[in-house]
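Undergrad: Sequence:
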Amino acid sequence: WSGRRQYWPRRFAPLTGTDESRIKISRGRKRSRCPMRAAGSTTSTDAINAELVGLSFSIREFEAFYIPIPPEREKAQKIVDIFKPAYECENLKIGQNIKYDILVLRNYGVRVGGKLWDTMVAHYILQPELPHNMDSLAEKYLDYSTIKIEELIGPKGKNQKNMRELLPQNIYEYACEDADVTLRLQN
Numbered sequence: 644w645s646g647r648r649q650y651w652p653r654r655f656a657p658l659t660g661t662d663e664s665r666i667k668i669s670r671g672r673k674r675s676r677c678p679m680r681a682a683g684s685t686t687s688t689d690a691i692n693a694e695l696v697g698l699s700f701s702i703r704e705f706e707a708f709y710i711p712i713p714p715e716r717e718k719a720q721k722i723v724d725i726f727k728p729a730y731e732c733e734n735l736k737i738g739q740n741i742k743y744d745i746l747v748l749r750n751y752g753v754r755v756g757g758k759l760w761d762t763m764v765a766h767y768i769l770q771p772e773l774p775h776n777m778d779s780l781a782e783k784y785l786d787y788s789t790i791k792i793e794e795l796i797g798p799k800g801k802n803q804k805n806m807r808e809l810l811p812q813n814i815y816e817y818a819c820e821d822a823d824v825t826l827r828l829q830n
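Residue numbers (the working numbering): 644 to 830.
One or more hints might be untrue.
[To be verified] List of simulated lysine-lysine pairs, BS3-like, C-alpha gap at most 25 Å:
no., residue 1, residue 2
1, Lys742, Lys799
2, Lys791, Lys801
3, Lys758, Lys801
4, Lys804, Lys791
5, Lys718, Lys801
6, Lys801, Lys783
7, Lys727, Lys758
8, Lys783, Lys804
9, Lys804, Lys718
10, Lys783, Lys742
In short, the hints are calculated from the structure, not lab data.
For clarity, every value in this text was computed on a predicted model and none was experimentally measured.
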């Protein structure tokens, strides 16, 4: 990885057992009615045509979970349905470009509920002249260099992979970091 990277004490975990994942996420949500950063890793930047590759959640700073989503639509829908209550509850949802996540989840029958906080929109309001992507915000406000998407799928162009081509163990740290950094930016 390039650039400054600080390894703060953190707990990022790939969770393959959906029961274990659901319990951890539900327990954190109910315990303090805390905000939740919930995001999806997808196959495309086009929200209407994107398929979920995984879900990542962060309920506390420096702690995040990743749940891989299989390519088969029926299996994927079953896993998404397990986490539907976490998305549809009235707790605060935090996102970076949260509109994208909402559109992708809508394709799986999820109607995101509760108040929404978008770090990209918030930063645009505060400093419209600066870049608003998560990598730039993490550098500026957290002094942290994130894992860049190009490190996983390669540079833009015809040879660029998509997230579906990667194994979950190659995605989970990127996805967990995305959820955690967004939560920390909001805080």
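Undergrad: Against this structure, judge whether each hint is valid.
TA: Against the structure, the hints:
The suggested pairing of Lys742 with Lys799 holds, with an alpha-carbon distance near 23 Å, which does not exceed 25 Å. Restraint check for Lys791 and Lys801: satisfied, since their Cα atoms lie roughly 18 Å apart, inside the 25 Å limit. Pair hint Lys758 plus Lys801 does not hold up; C-alpha atoms about 39 Å apart against a cutoff of 25 Å. For the hint linking Lys804 to Lys791, the alpha-carbon distance of about 14 Å falls within 25 Å, and the restraint holds.
Of the supplied pair hints, the one linking Lys718 and Lys801 is violated, its CA atoms being roughly 29 Å apart against a limit of 25 Å. With a C-alpha separation of about 32 Å, the suggested pairing of Lys801 with Lys783 is violated against the 25 Å cut-off. A hinted pair counts as satisfied when its Cα atoms are at most 25 Å apart, and Lys727 with Lys758 qualifies at roughly 16 Å. About 29 Å separates the Cα atoms of Lys783 and Lys804, which puts this hinted pair outside 25 Å; it is violated.
Restraint check for Lys804 and Lys718: the C-alpha separation of about 23 Å stays at or below 25 Å, so the hint holds. Among the hinted pairs, Lys783 with Lys742 is consistent with the structure: their alpha-carbon atoms are about 23 Å apart, no more than 25 Å.
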